[in-house]
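K.L.:
Sequence:
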Amino acid sequence: MDFTGYQLYFQTVLNGEQTIHPYENPAYVNYTRLNWARQQRWFKVGELNNELAGLIKSIKSGQQWVVITEPWCGDAAHTLPFIHKLIQLNPFIRLDLQLRDTPPLLIEHYLTGPNQSRSIPKLIIRNDDGNDLLVWGPRPLACQQLYNRLRAEQAEDEETKLQLQNWYNHDKGKSFQQELLTALTIISRADADSTL
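Using our numbering, the first residue of the sequence shown is number 763, and each one after it goes up by one.
Calculated from the structure, these hints are not laboratory results. Predicted model, so just to flag it, every value in this text is computed and none were measured. Errors might be hidden in some of the hints.
[As the list claims (entries may be wrong)] List time: in silico EDC-like cross-link candidates among lysine to aspartate or glutamate, alpha-carbon distance up to 20 Å:
hint : residue 1 : residue 2
1    : K819      : E941
2    : K822      : E809
3    : K822      : D894
4    : K936      : E809
5    : K819      : E809
6    : K934      : D858
7    : K822      : D933
8    : K847      : D933
9    : K822      : D891
10   : K819      : D890
11   : K847      : D863
12   : K847      : D764
13   : K847      : E813
14   : K847      : E918
15   : K822      : D863
16   : K847      : E809
17   : K936      : E813
18   : K934      : E809
19   : K806      : D933
20   : K819      : D858
Turn these sequences into a full structure, and let the hints guide you.
P.N.:
What follows is the structure in structure tokens.
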């Protein structure tokens, strides 16, 4: 679905119109409500990395950015607004949002880590031929390291959520954008080399 469709789906969850799993659980509806507010905040105050914005603007061939996500996902609420802002800079980039928990279950092809978890969000950048150029996610490296440490310490779920939220608030989207800039720079250099 496109970004507008995803926002409308988000609203159906908030309005209690979605009863498919896991939205029959009030806790997941509450997560969704929090994530709507987080997402709206980054739309208003999130700043783009100038170097990354310039690189995005310079892309001259079609790309499809696929994001596997769900409204209940806190990590997605801190990343998706920056992805949306970036794709607005270049008409060659198309965004497709896929729900993790609804068929066709694209997530099964992009599992994470040794445990093969269905962690989201996942950003997959494909060229016009449908080949994957980049797979990123579910969270920036420093945030993932924090998550791994908290899991190893067997921190309570609420404490883990609070610390991750604090990390995202402090980071302000900078780490995600820097990681994306590094990866896209490598891709653009490879493209340039292949045309020589």
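K.L.:
Compare the structure with each hint and give your call.
P.N.:
We went through each hint and held it up to the structure:
1. K819 / E941: holds (17 Å)
2. K822 / E809: violated (24 Å)
3. K822 / D894: holds (17 Å)
4. K936 / E809: Between K936 and E809 the Cα gap is close to 8 Å, so the pair holds against 20 Å.
5. K819 / E809: Status holds; Cα separation ~16 Å.
6. K934 / D858: violated (24 Å)
7. K822 / D933: violated (30 Å)
8. K847 / D933: Holds - the C-alpha atoms of D933 and K847 are around 17 Å apart, at most 20 Å.
9. K822 / D891: Holds - the C-alpha atoms of D891 and K822 are around 15 Å apart, at most 20 Å.
10. K819 / D890: holds (17 Å)
11. K847 / D863: violated (25 Å)
12. K847 / D764: Holds, because 14 Å separates the two Cα atoms, which is no more than 20 Å.
13. K847 / E813: holds (14 Å)
14. K847 / E918: Violated: K847 and E918 sit about 34 Å apart, past 20 Å.
15. K822 / D863: Distance ~33 Å between K822 and D863 Cα, so the pair is violated.
16. K847 / E809: With Cα atoms ~9 Å apart, K847 and E809 stay inside 20 Å; holds.
17. K936 / E813: Holds. K936 to E813 sits at ~12 Å (cutoff 20 Å).
18. K934 / E809: Since the Cα atoms of K934 and E809 sit roughly 8 Å apart, the hinted pair holds (cutoff 20 Å).
19. K806 / D933: holds (16 Å)
20. K819 / D858: holds (19 Å)
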